[in-house]
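A.B. asks: Place chain R on chain P using the hints.
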Amino acid sequence: MMKHKLNTGELTSKLAAPRELTQAERALAEAEPALRERLSRYEAQDELLAALPQPRVSADTIGRILSATTQAPAHKQPRFSRRRLGWSALAIGLALVIMLSSTGYAAAQSLPGDTLYAVKRGYEQVRLGLTFNQEQKAAYQQSLWLTRQAEAQRVLQLGRQGVQVELEGVLEQDASGQWSVSGVPVTLDAGADWAPGMHVQLHGAVEGNRIRVREVQPNGDPNAVVTPQGDTHRYGQTPAAATAQAGGTPEANEAESTSSPSGEQSGSGNPRKGQINGPKSGGPNN
Amino acid sequence: MNKEGQDALFAELFSSYRQPIYHYLYRLLGSFEAAEDILQDVFVRAYRALPGLAPDANHRAWLYRIATNAARDHFRRQKLRQWLPLRDEEDGAHEKMADEGYAGESAGPSLELSLDVQHALEKLPLHYRETLLLYSVQEMTTAEIAGVLGIGQSAVKMRLLRARELFRQVYDEA
Chain P
1 MMKHKLNTGE LTSKLAAPRE LTQAERALAE AEPALRERLS RYEAQDELLA
51 ALPQPRVSAD TIGRILSATT QAPAHKQPRF SRRRLGWSAL AIGLALVIML
101 SSTGYAAAQS LPGDTLYAVK RGYEQVRLGL TFNQEQKAAY QQSLWLTRQA
151 EAQRVLQLGR QGVQVELEGV LEQDASGQWS VSGVPVTLDA GADWAPGMHV
201 QLHGAVEGNR IRVREVQPNG DPNAVVTPQG DTHRYGQTPA AATAQAGGTP
251 EANEAESTSS PSGEQSGSGN PRKGQINGPK SGGPNN
Chain R
287 MNKEGQDALF AELFSSYRQP IYHYLYRLLG SFEAAEDILQ DVFVRAYRAL
337 PGLAPDANHR AWLYRIATNA ARDHFRRQKL RQWLPLRDEE DGAHEKMADE
387 GYAGESAGPS LELSLDVQHA LEKLPLHYRE TLLLYSVQEM TTAEIAGVLG
437 IGQSAVKMRL LRARELFRQV YDEA
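As you go down the protein sequences, you meet chains P and R in turn.
The working numbering puts the first sequence at residues 1 to 286.
The working numbering puts the second sequence at residues 287 to 460.
Bound conformation, chain P alone (with noise of 0.2 Å):
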């Protein structure tokens, strides 16, 4: 029971926002034909709107907003805790040779297929080794995802055909069914059941305008890598050597992988490792 009458210019302004209406505003408007008649429209307008085709961000744009704020010279200064002395003026002393030096420099500016990459790559291992405090870990991580992601848009522009490189992020899919990860375009051959959203570490070259992935890893799960061909096996082995040293045939792992219950593989509590095995357990081989 409401508490005071509404009069009817109250409760019309009330109906321009329909998902906000009480039961009992509802009710009152459903029992007069005029209101009822605009809170219907105003509902189908509603409607209407939101179901409008959504553009997408061209990956250029997105390599330009991400070159633009955190690929900034700014950004590339390290910062150090000040709990740990010690290995913080160690870090600032490896930072400052390597920074300061015109190596360095050009290190920092290299892109996947540079000569100097393996040593700005390398300089990042180093301060993420000497970066002890989780939180700060896990930042410095996150922005070395988009260093990733940048360096990725960047040689696709450059069009640097066969140039391997790494990506993390979300994997997305357009409506003419095109993949990217994070908006960065890539290539996923037909085989395992890639689901949008999913959150992936994958490796792979430069082959026309996209990246074609060569193995993906979803994120969270260190040890299960997915081919393109839908084959799963430890990271950094192939999967002739997996299924060698799970010491069975190929068909026999898959069976072994398709058996429980939830559909996930053993040994993994990732629930994201189901939908990409789906096609196995559903697949006709099974």
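What the hints contain is simulated information worked out from the structure, not anything from laboratory work.
These numbers come from a predicted model, not from an experiment.
Every residue gets a Cβ at the ideal spot worked out from N, C-alpha and C, and that includes glycine.
Please note that the accuracy of each hint is not assured.
Unchecked claim - Some chain P residues flagged as far from chain R (calculated, every beta-carbon gap over 10 Å):
#1 K14
#2 E32
#3 Q134
#4 W179
#5 G183
#6 Q217
Stated by the list, open to error - The following label-pair restraints were derived from C-beta to C-beta distances:
#7 P:T8 x R:Q455: 20 to 26 Å
#8 P:H199 x R:G338: 25 to 31 Å
#9 R:R454 x P:R19: 16 to 22 Å
#10 R:D359 x P:Q164: 39 to 45 Å
#11 R:D359 x P:N7: 36 to 42 Å
#12 P:N7 x R:F361: 21 to 27 Å
#13 R:R334 x P:E32: 48 to 54 Å
#14 P:L116 x R:H413: 42 to 48 Å
#15 P:E30 x R:K289: 51 to 57 Å
#16 R:R363 x P:R19: 30 to 36 Å
#17 P:R41 x R:A441: 17 to 23 Å
#18 P:Q173 x R:A441: 53 to 59 Å
#19 R:K289 x P:G86: 20 to 26 Å
To be verified - Which residues of chain P face chain R? A few of them, derived with a C-beta cut under 7 Å, are:
#20 A44
#21 Q45
#22 P53
#23 Q136
C.D. replies: Same frame as chain P, now just chain R:
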């Protein structure tokens, strides 16, 4: 918040909101190119303003406020007349939407219908268009919209009411 924390927060915001804000800007401006330019402007502004952001700030409302202000600046700069039909861009929009497969989507309205709706939106005064898009397309509450636009909640409802009636009028005339 240190710089790395800011970068991490920015990465999260960019990942979550770049698509809906782009959609909002496109519906507001009626041009893909302008929406992409303003989107870049929005995230660069956000990145610069991030260090001064209150820890308990509503990130979504904050970003949409930046986007709305950036769009208003764009209109001011370009001195666009809001009721002027963007004929040149209509054709481009038609082609781009078709290229991106919108025409084949069965769940949403047809391409023709979408363009009619867009034309009707472009005929609304900017402050009505903002309010209607934030409520109906971005599915914000009137309280959130009040935060984005910097006006009271009752003023939001009044704008929404007028925007709906005007939208109906121009859409029916089209």
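A.B. asks: Taking the hints in turn, state whether each one holds.
C.D. replies: Do the hints match the structure? See the list:
no.: 1; hint: K14; result: 7 Å, violated
no.: 2; hint: E32; result: 16 Å, holds
no.: 3; hint: Q134; result: 12 Å, holds
no.: 4; hint: W179; result: 14 Å, holds
no.: 5; hint: G183; result: 8 Å, violated
no.: 6; hint: Q217; result: 19 Å, holds
no.: 7; hint: P:T8 x R:Q455: 20 to 26 Å; result: 21 Å, holds
no.: 8; hint: P:H199 x R:G338: 25 to 31 Å; result: 30 Å, holds
no.: 9; hint: R:R454 x P:R19: 16 to 22 Å; result: 18 Å, holds
no.: 10; hint: R:D359 x P:Q164: 39 to 45 Å; result: 42 Å, holds
no.: 11; hint: R:D359 x P:N7: 36 to 42 Å; result: 40 Å, holds
no.: 12; hint: P:N7 x R:F361: 21 to 27 Å; result: 37 Å, violated
no.: 13; hint: R:R334 x P:E32: 48 to 54 Å; result: 51 Å, holds
no.: 14; hint: P:L116 x R:H413: 42 to 48 Å; result: 52 Å, violated
no.: 15; hint: P:E30 x R:K289: 51 to 57 Å; result: 55 Å, holds
no.: 16; hint: R:R363 x P:R19: 30 to 36 Å; result: 35 Å, holds
no.: 17; hint: P:R41 x R:A441: 17 to 23 Å; result: 22 Å, holds
no.: 18; hint: P:Q173 x R:A441: 53 to 59 Å; result: 40 Å, violated
no.: 19; hint: R:K289 x P:G86: 20 to 26 Å; result: 22 Å, holds
no.: 20; hint: A44; result: 10 Å, violated
no.: 21; hint: Q45; result: 6 Å, holds
no.: 22; hint: P53; result: 4 Å, holds
no.: 23; hint: Q136; result: 6 Å, holds
The structure shown violates the earlier hints numbered 1, 5, 12, 14, 18, 20.
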